[in-house]
Every structure is written in C-alpha cells, then in structure tokens.
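Based on the sequences and whatever the hints tell you, model everything.
Number of protein chains: 4
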Amino acid sequence: MAGIRERQLQKRKQETLDVALRLLMEHGYANLNMDELAEEVGISKPTLYQYFNSKDELVAQAMVRVFEKMEEHLSELSEKSPLEQLEHFLRLMLKSRSEKRNIMAQMDVEVMHSIVQRYPYMTEHLLATRLKLGQLVMKAQAQGEINPAIPAWVVVNAVFSLQGILHNPFMKTDPQRSDQELAEAIESIVHLFKQGVCNEIPLQTTILN
Amino acid sequence: MAGIRERQLQKRKQETLDVALRLLMEHGYANLNMDELAEEVGISKPTLYQYFNSKDELVAQAMVRVFEKMEEHLSELSEKSPLEQLEHFLRLMLKSRSEKRNIMAQMDVEVMHSIVQRYPYMTEHLLATRLKLGQLVMKAQAQGEINPAIPAWVVVNAVFSLQGILHNPFMKTDPQRSDQELAEAIESIVHLFKQGVCNEIPLQTTILN
Amino acid sequence: MAGIRERQLQKRKQETLDVALRLLMEHGYANLNMDELAEEVGISKPTLYQYFNSKDELVAQAMVRVFEKMEEHLSELSEKSPLEQLEHFLRLMLKSRSEKRNIMAQMDVEVMHSIVQRYPYMTEHLLATRLKLGQLVMKAQAQGEINPAIPAWVVVNAVFSLQGILHNPFMKTDPQRSDQELAEAIESIVHLFKQGVCNEIPLQTTILN
Amino acid sequence: MAGIRERQLQKRKQETLDVALRLLMEHGYANLNMDELAEEVGISKPTLYQYFNSKDELVAQAMVRVFEKMEEHLSELSEKSPLEQLEHFLRLMLKSRSEKRNIMAQMDVEVMHSIVQRYPYMTEHLLATRLKLGQLVMKAQAQGEINPAIPAWVVVNAVFSLQGILHNPFMKTDPQRSDQELAEAIESIVHLFKQGVCNEIPLQTTILN
DNA sequence: GATGAATGAGCGTTCATTCAT
DNA sequence: GATGAATGAACGCTCATTCAT
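Chains as they are written, first to last, in our numbering: chain Z, 401 to 609; chain A, 401 to 609; chain C, 401 to 609; chain L, 401 to 609.
Hints are supplied without guarantee of correctness; some may be wrong.
Identical chains blur together in the list; that is why a pair holds if it fits in one copy or across any two.
Calculated pairs, DSS-like style, for lysine-lysine (alpha carbon to alpha carbon, straight line, at most 30 Å) [claimed, not checked]:
| # | residue 1 | residue 2 |
| --- | --- | --- |
| 1 | K455 | K411 |
| 2 | K539 | K411 |
| 3 | K532 | K500 |
| 4 | K539 | K594 |
| 5 | K594 | K495 |
| 6 | K532 | K411 |
| 7 | K594 | K480 |
Derived from the structure by calculation, the hints contain no laboratory data. As the structure is a prediction and not an experimental result, all values here were calculated from the model.
Shown next, in the form of structure tokens:
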C-alpha cells in the first residue's frame, strides 16, 4: 500500500496549514502571500497548489482546523456545567490570543464571508461550532446560569468578540502589556463575561445597597 | 466671499471620505481600491489624489473623522455620570454599527498600526479618545460604578470590542437579523457590559439565592 | 496703447523661461514638471499654458534663448581671430557649466531630437548657431589656426562635448571640486582643446625630442 | 547537470539587459518603460520583475555590464604604454558609440546619481573603472606621455566626454554621417585627444614655425 | 486675463495562479 | 511527484493638459 506516501503527504499538508495559520496571525489575510508561504514551508509553489486548489481554499482549510480544535476543546469539557464550559472555552481562546495563536481577530469580515460562501464544508464546521456553543448557551439559560433574556446568538458572539479586548486595532501604540498584566486581563474578561451574562441582577439596587 | 466653490470642494471631499468609509466597511482596507472609490464618488483618480495624498492618508483621515465624531459624542454627554456616559457611548457605537456605519471592526490590526505610525495626527486623535474613555472609566471606578479590580484599559477595549457582537466574522451566514432583533441585541449588549463591569457582585451567591 | 500690458506679459514670459532653464539644469527634462514650474514662477498652470502651448514648446523656447545668448556672445567677439573666438566661446560655456548654468548637458538626446523636429524655429536657431561656429572653424582652418584635416563638425561638437568633462554622469560620487580646482580644470580643458585641434604637430617626434 | 534550463534563463536575462541597453540608448532612462521592454524581449512584465527587482536595478545591472566590458578591454591592453592604452580605450568607446552600442551619453546625471547611491555594487564598478583609468593617466604623466599639468580626473572625464562628439544633442538634424565619415571622425577625435593631452608643446610657437 | 479644479493616459510594481520539464 | 519559470490582471500613483468660473 502507498499508505506511507499518503501519510507523508498528509503530514506535509498539515505542516503547511500550520505555517499558514501562523502567517495569517502574523500578517493577516491580505498580507499572506503564496510565495512567502511556500518558501517558509520549504516546498515549491506548484506543490502548494497541488495540496490546495487556491489561496482561499487553503485559508478555508486552515479555518476548519481551527474550528476542529475548538470542537475538540468543547468535547473535552462535556462533564462540566454549561456556563463552566463556556467560561473554559472563552479562557482558552483568550489564552491563545494572548499568545498570538489565534487568527479569528485578523480575519476580515468580508474575506471570511466570501470564503465561507465558496467553501461549503467550512460553513458546516462554522455552523456546527456555533450550534454547539448556542446549545450550551441555551442549556445554561434553561438551568438559570445565563440570563434567558439575552438572545443566545448574542452570548455566542460575545465569546468571540471579547477576545478583541486583548489586541484591538487601537492598542498597538500602547506600551506592551507584561505577561502578568495579560493574565490579569484575561481573568477580568472572563469575569466580565460571566457577570455580564448571568441571570438578571437588579443592577442599580445591588450596587446601591 | 467666493466661498461657494470652496464649499462645494469641501463637500466633495467630505463625500469622498464618506464613501471611503462605506467601502472600507464593505470590503475592508485591502479591497478598497482607488479606482472603484473614484468611480463611486463620481470623480477621477487624479482628483482623488488632489484631495488626499495617498490611500493611507485617505484612510487616516477617514479614521480621524470617526474619532472626531466619537469625541463629539463624548462631549455632549458630560453632564451624566461616568458609567452613564460610557453606556451611552457604547449604545451609539452599537447603533452606528447596526446601521453599518462603523469601520473599526474591519480594520486589520497590522494595517492600522502602519497607518497610525505614519500619520501622527491620527495617533493624537486615537490617544485622545482612548484617554477620555480611560478617564471616564477611572472616574466611574472611583465613584464605585465600575469594579476597580478591572484594569481601565480592559474596560475601554471592551467598549470597542463588544460592537463586534453585532457583525462578527461568523455571523454573515446567519439569516439577517430583523431591526427588532438588532434593537434587542443592542439592549442585551449594553446590559451585558454594565452588569459585566459593575462593582463586585459575588456571582455564585447571587445566582444561587 | 496696450503696450504696457504687453510688456508685462513679455516680462512674465521671460521670467518663466528663466525659471524653466534653472529647473531644467537642476533636474533635467524628465523631472521638470509643470506644477513645480508654475508654483516656482508664481503663476497658475493655466496661465503657464497661455504663455506656452505645451511643455515641449516651453523647452524649445528655453533652448532658443540659450542659442540666442550663444549667438550674442559670438557676435561680441567678432574682432578676434577665429580660434580666439572659439576659445572664448568654449571658456564661456565651461564657466556657465561650472556654475551650473547650462542646460545642454542635461538634455536627453532623444528628447532634444523630438523637440527639434516639432518646433522648426528651434531648428533654425540650432542650425544658425552651428553654422556660425562651423564657419569660424573653417576660417580658422583656412588661416592655419586649426588642423584642416579635422572635419569642421567634429571641432564644433568638440566645443559642446568638452563641457561634459566638468560634470559627467560618473562624477557625482567624486568629492566636490573646489572653485580653485574648477578654475584650473577649465584652463586645462581650454588648453586641451586648442592643442588638440591646432595644426598638425608630429606628435611622437615632438615628445621624444 | 540540467544546466540547460539555467543557461537558457541566463541567456534570456542577458538578452533582456541587451535590449534594455538598446532602449536606454534610443529613448533615454525616462522613456524606457517596462511594458515596452518586456514586449520587446518577448517576455511578460512579471517575468521581467523576476529577473530584476526594479527598473533601477535593471538599469544598474546594465551599467555594470558596460563597466565590466570597459574593464575587460582595459585588461587586454596591459602590455602597451599607458597613453596607448588610453588611446585604444577611447577608440573602442568611439566605435561602440558610432554603432550605437553605448549608453553613457544618454544617462541623465540626476538619474545616474540616484541609481549609483542605491546600488552600491554599481558604485564599486564605477569607481574601479575610474580608478584604473586614473592610474593609467598618472602613469602616462610620470612617463612624460601626458602633460602633468592637467589634473588626472580631467583627462579621465575627457575620455568619456569626447564620445559625445559623435552623437551630441545638436546633431540629429544633420544629414546622417556615412560610415566613412564616422571612421574619419573617430581618427580625428583620437588625434585631438592625444595631441590635446600630450606633454606641453608651446602652442603658439609650434604653429607659427 | 487669470485660476482652482478636474482628467486621460500611462507607469512601476505585485500577486495568485499555471505551464513545461 | 515536484519544480523553476512564466503570466494576466490589478493597483497605487503621477503628469501634461484642459474646463469652468
């Protein structure tokens, strides 16, 4: 069997995706160019195009990989309570973001949209992940962990958007945050999320008492 | 004064910036091209370059415009309490976002950084706005409206990042939200923010009671 | 009579030509741009185009002015011997070159050619100047001042080309020459010219003796 | 070795440089455009940019090529006397000029300067060639072949500038010179050079005798 | 008569993608 | 199967020239 070859190929492909993800994080979609990628991986451009039919497909597969990882993480947490799972998930994303290991932020909305439209299997993964998170949210709402007045999709998106706090476009000029500061920030964000979505607390009253 | 000509010019320039902002939102920085912009505004490319010395300067001015609007909004609220001001500001940003009138989210981190570096007056506006918000946050913390344990910059960035909830890269595939839904979402987000940053509420206890 | 207006116009035109000549010397034809010229002269571009129908016509007229000056210089010398006149002319050109007051060198051969073709009155001046110099050369040859074996046109061109010694494209990297050095160089070049074109001297023999 | 591919590439690159040199001569730097060049060579523009990183680098390499040829020529003559070497060199340059195979004259001083500054290896070649010629001149002066009163750099530049006699900007209108005429002109120029720089001959006296 | 404002045409450069070996 | 070499299509930008006031 040519299984050994096949496996090597898969390994190369995987490695390529990993490098692509790194470059996407470092420079964003627009600045990811196929020449640089091929060179960085150590293969030629035609080979790259044998692995992936186009830049967008490559990016789509890279994203799929990210979604897969997310789903893996979600599965590993299944014994906890829904809110705990969401918290844990958020914490994971924040950590990978603080270590610059997260593309999401870099992805241009329009680019993502156009890619999603053209690569249906990506949509599947995307929707699957959103669905799982959405179900978690609704379970949490049913159990009284999360305020049922908040639309589930808002909570799901909040999980993704809150990452932006760590590196938003307006921060680069700031002094670099120390690891210590980042760790504290992560805790604050997680706290903010939990307290923000938790079951109705009569805000004014609570504070004034 | 023959300011009629001058005024028309300023109007055209303004219109150009507006269209540029729209295109930036719709296609992102990388896909904003000067030909398209010129055509869309109804002027020729050289004219565009008479108005703005380069694409980056154009974008910088567009961003400055956004910051100016933000600062205006902030000034108009000065009689309210710090937290109320922040809430109002967040609400404004969410509204303009829900009407697709906000670039921020679309801006690639790298691109922003490079532009900010080259157009110092943009940095000024950026820092000024952040400073104002930061001071508001700290005042709110001093007055017990906001949890002083959360770093001020985290709260400031939260104000910007929470907008992402309305249009994040993973939502485009969803069915379009109705105006009704969006309005509700905005309220949820504002609530989430306020409750999330408010002074320490022993979370678990509150929920369990 | 509107003569006063007319005179002012001519003065403005003249001034424009002078500035154009300066810019031509400083940046060459390709880098002479009409915006810069207009601004430097202190008039608007449309006005510039009222004075001169096109960039090339402007350059043509500037060149004509140069030729006129040359011819003036030549006329002023008419009482001297032919060779003395040539020497004096060469010296003048070298001086204006050493003071960066000479376009000739900067003019691209092709550009000149295309301009010459389109503006016949320039050809006239060009040919007139060349003719005068050619006649001088031939007179000098008839009088035994210049070696009659050298084609007259070679001598004429030599007068122009020898200027290049002072600023040729390969010299910019050199240390700047002091005024003293330049003055010496000019004398050397004049000497080189005179000795080079003078009546046959059996070279080898002369040296060896 | 599969050097056949490699060799074809080098040939193409070489051909490109050759065509570039021709176009530089025919139209000058400013009018050398990459589209035309690519088409003339029979390759696409991106290919051109794979060969050379920029227009300026291309021109720099073309110039370097010319300097290399000059240096080769100089090396081949090492057994002759210094003045003979200079003469031979001048003759070679005149010949290649009369066959339109020489850029030098066309190069705008400003353009050259900017290119030289940016491509240090070009400066090296330029200085090396000038140095060699300068040393030849000084040797000739030491041996009494060349007038030691003339600064060496003036003689070196004369070698370059005298070429201009064959095609100076004011000649294009002339009737084309026949090959015969050109050959004679070359001899005259060489003679002019030798006699011009040779050891002091009391000019007036010699002529009058 | 003078000008602020506008433009057609072109140039240098880049990038995702494919051909030929 | 892997690659060096090639390319179509854009894009940011500039400049001589003209329109409208």
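To see whether the hints hold, each was checked on the structure:
1. K455 - K411: within (19 Å within a copy, 33 Å between copies)
2. K539 - K411: neither (38 Å within a copy, 53 Å between copies)
3. K532 - K500: Both ways: K532 and K500 sit 25 Å apart in one copy and 28 Å across, limit 30 Å.
4. K539 - K594: Close inside one copy (15 Å) and across copies (24 Å); limit 30 Å.
5. K594 - K495: Close inside one copy (17 Å) and across copies (24 Å); limit 30 Å.
6. K532 - K411: Result: close within a single copy only, 29 Å intra versus 49 Å inter.
7. K594 - K480: both (15 Å within a copy, 27 Å between copies)
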